[in-house]
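**Student:** Sequences are here, hints too, so could you generate the full structure?
2 protein chains.
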Amino acid sequence: MEAKEIRERIRMKVHTGPTSGISGDKVQANLVVLPKKYAFDFLLFAVRNKKPVPVIEVIESGEYVSTLAEGSDIRTDIPKYHVYKNGEFSEETDDVSEIWQEDFVTFLIGCSFTFEQAVLDAGIPIKHIDQGRNVAMYKTNIETVPAGIFNGSTVVSMRPFPKDKVEQVIRITEEFPDMHGGPVHAGAPSEIGIDDISKPDYGEFTEYNEDEVPVFWACGVTPQNVILNAKPEIVITHAPGYMFITDLNNEAFQNKQ
Amino acid sequence: MEAKEIRERIRMKVHTGPTSGISGDKVQANLVVLPKKYAFDFLLFAVRNKKPVPVIEVIESGEYVSTLAEGSDIRTDIPKYHVYKNGEFSEETDDVSEIWQEDFVTFLIGCSFTFEQAVLDAGIPIKHIDQGRNVAMYKTNIETVPAGIFNGSTVVSMRPFPKDKVEQVIRITEEFPDMHGGPVHAGAPSEIGIDDISKPDYGEFTEYNEDEVPVFWACGVTPQNVILNAKPEIVITHAPGYMFITDLNNEAFQNKQ
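Quick note, the sequences are listed as chains A and B, same order.
FYI, UniProt numbering numbers position 205 of the first sequence as 205, with every residue one higher than the one before it.
FYI, UniProt numbering numbers position 234 of the second sequence as 234, with every residue one higher than the one before it.
These are computed hints drawn from the structure, not numbers from a lab.
As the structure is a computational prediction, the values presented were derived from the model and not from experiment.
Where hints are given, some of them may not hold.
Unchecked claim - Straight-line distance between alpha carbons at most 30 Å, and here's what the computed DSS-like set of lysine-lysine pairs gives:
id : chain 1 : residue 1 : chain 2 : residue 2
1  : B       : K51       : A       : K37
2  : A       : K199      : A       : K51
3  : B       : K85       : A       : K36
4  : A       : K50       : B       : K36
5  : B       : K51       : B       : K231
6  : A       : K85       : B       : K37
7  : B       : K37       : B       : K50
8  : B       : K51       : A       : K36
9  : A       : K231      : B       : K36
10 : B       : K50       : A       : K36
11 : A       : K231      : A       : K50
12 : A       : K36       : B       : K36
13 : A       : K37       : B       : K85
14 : B       : K231      : A       : K36
15 : A       : K51       : B       : K36
16 : B       : K231      : A       : K37
17 : A       : K36       : A       : K85
18 : A       : K37       : B       : K36
19 : B       : K50       : A       : K37
20 : A       : K51       : A       : K165
21 : B       : K50       : A       : K51
22 : B       : K36       : A       : K85
23 : A       : K50       : B       : K37
24 : B       : K165      : B       : K231
25 : A       : K50       : B       : K85
26 : A       : K51       : A       : K4
27 : B       : K51       : A       : K51
28 : A       : K199      : A       : K165
Claimed, not checked - Away from chain B, derived, C-beta distances all over 12 Å, residues of chain A:
id : residue
29 : V55
30 : S61
31 : G87
32 : D95
33 : V105
34 : I129
35 : Q168
36 : G187
37 : P189
38 : E212
Note that the Cβ used here is the ideal one computed from N, Cα and C, for glycine as well.
**Tutor:** Written out as structure tokens, the structure reads:
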């Protein structure tokens, strides 16, 4: 199915589930929507923290069509949105047209689905995918570089790999600098401030044995975490796992060495 | 002399001339200062047009110290500033402390002095430098990607090189992606909308003969040009040739292949 068709099925509430695995080789993106008065601080935060917040498109206020997705409508083409008000979760909804504001600026942010596909294509299995689970995500002690009202620590996603595959996985993911790039850490979770690896802050824990190494990537949940600290009056994001599907191919973001 | 000392001599009005050649291997930067209400549009313009507008630092409103330059004061450490009001040139001054506003956001933008040094270090002479002239700059038909109130065409700088040196010069300058990177054009000026090469829009013309090829780089004057189109009530820039000297070494921006 074409990406455009999938977006239409989402818009028509035919597809209402998570988007993992439904878009073939197409890039999926994280969503952050903010009133324009916060847009400079957030874009500067993204520029200063490119690994957790790799912006792939900014849709200016007054617009809701992504140039990366033909005929798209950012207000309806994601299966599930989260709305936050003054730093608190307000509602989950499948359509934000009714609450859309003229001054909203939309940020589309790269997603690890892109490098996961490249790892799978190299014949390396990814445990949480095989187990049909969500990836495990953790708050760390890795501080972001603050910008304006935005500050806080980096959220990471964790994927365990056999010791002899770790170097290859690092190399593959480094080829996607605009999709979180190479890992921020591999090895002991305590070194980046994770006290109990079995209790992720988001998602589900993936067990690993002593022949495997936990590898950690900067995660697109970081901006959500940081935005909630800043408590703007309204923010819209995608619901984790329910992403925006673009017309771009994953390969477009691959920098072959 | 240390960069810090040079900045102090500039602040004390001991050094009042252009900054070309006075900072050794230190990075020099273009300056753009705008009220915060324009900062999102300008940062987005820079993100979308990285070749002409490679931002190396953003100093947030309320601040005037660059983290790239110890003990600096962005209001006094440039020998000559240009102030524009409502899109028109207003005054040239050596100190903007008196007109500084709490809501000013400062952008430091990469400068071709960095890649020129690398070309010279490779033993390739640069004609306008040998002749003690300012580089020739031209408006082109290469459109920038608009952002908010900012739009317009790219300004380029031109340097002629012997035919058999062009490939090497291209390669060297491509190693500095945050300092305008490789050229946008080499050869016939008319292909990028320059009708009369002997009449630059800024700077001074450098003659060349038929064994030489004119090579064109995206230029840090582009943002000044675009800002004037947008007519914000006040903008401060450096005067061309009178740059901000940082503590960074040119090599810090070199991506060796």
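**Student:** For every hint, state whether the structure bears it out.
**Tutor:** Right, here's what the structure says about each hint:
no. : hint              : verdict
1   : B:K51 <-> A:K37   : holds (27 Å)
2   : A:K199 <-> A:K51  : holds (24 Å)
3   : B:K85 <-> A:K36   : holds (24 Å)
4   : A:K50 <-> B:K36   : holds (22 Å)
5   : B:K51 <-> B:K231  : holds (23 Å)
6   : A:K85 <-> B:K37   : holds (23 Å)
7   : B:K37 <-> B:K50   : holds (21 Å)
8   : B:K51 <-> A:K36   : holds (26 Å)
9   : A:K231 <-> B:K36  : holds (20 Å)
10  : B:K50 <-> A:K36   : holds (22 Å)
11  : A:K231 <-> A:K50  : holds (22 Å)
12  : A:K36 <-> B:K36   : holds (12 Å)
13  : A:K37 <-> B:K85   : holds (23 Å)
14  : B:K231 <-> A:K36  : holds (20 Å)
15  : A:K51 <-> B:K36   : holds (26 Å)
16  : B:K231 <-> A:K37  : holds (20 Å)
17  : A:K36 <-> A:K85   : holds (15 Å)
18  : A:K37 <-> B:K36   : holds (10 Å)
19  : B:K50 <-> A:K37   : holds (23 Å)
20  : A:K51 <-> A:K165  : holds (22 Å)
21  : B:K50 <-> A:K51   : holds (18 Å)
22  : B:K36 <-> A:K85   : holds (24 Å)
23  : A:K50 <-> B:K37   : holds (23 Å)
24  : B:K165 <-> B:K231 : violated (41 Å)
25  : A:K50 <-> B:K85   : violated (34 Å)
26  : A:K51 <-> A:K4    : holds (28 Å)
27  : B:K51 <-> A:K51   : holds (21 Å)
28  : A:K199 <-> A:K165 : holds (25 Å)
29  : V55               : violated (7 Å)
30  : S61               : violated (9 Å)
31  : G87               : holds (21 Å)
32  : D95               : holds (27 Å)
33  : V105              : violated (8 Å)
34  : I129              : holds (32 Å)
35  : Q168              : holds (23 Å)
36  : G187              : holds (28 Å)
37  : P189              : holds (31 Å)
38  : E212              : holds (34 Å)
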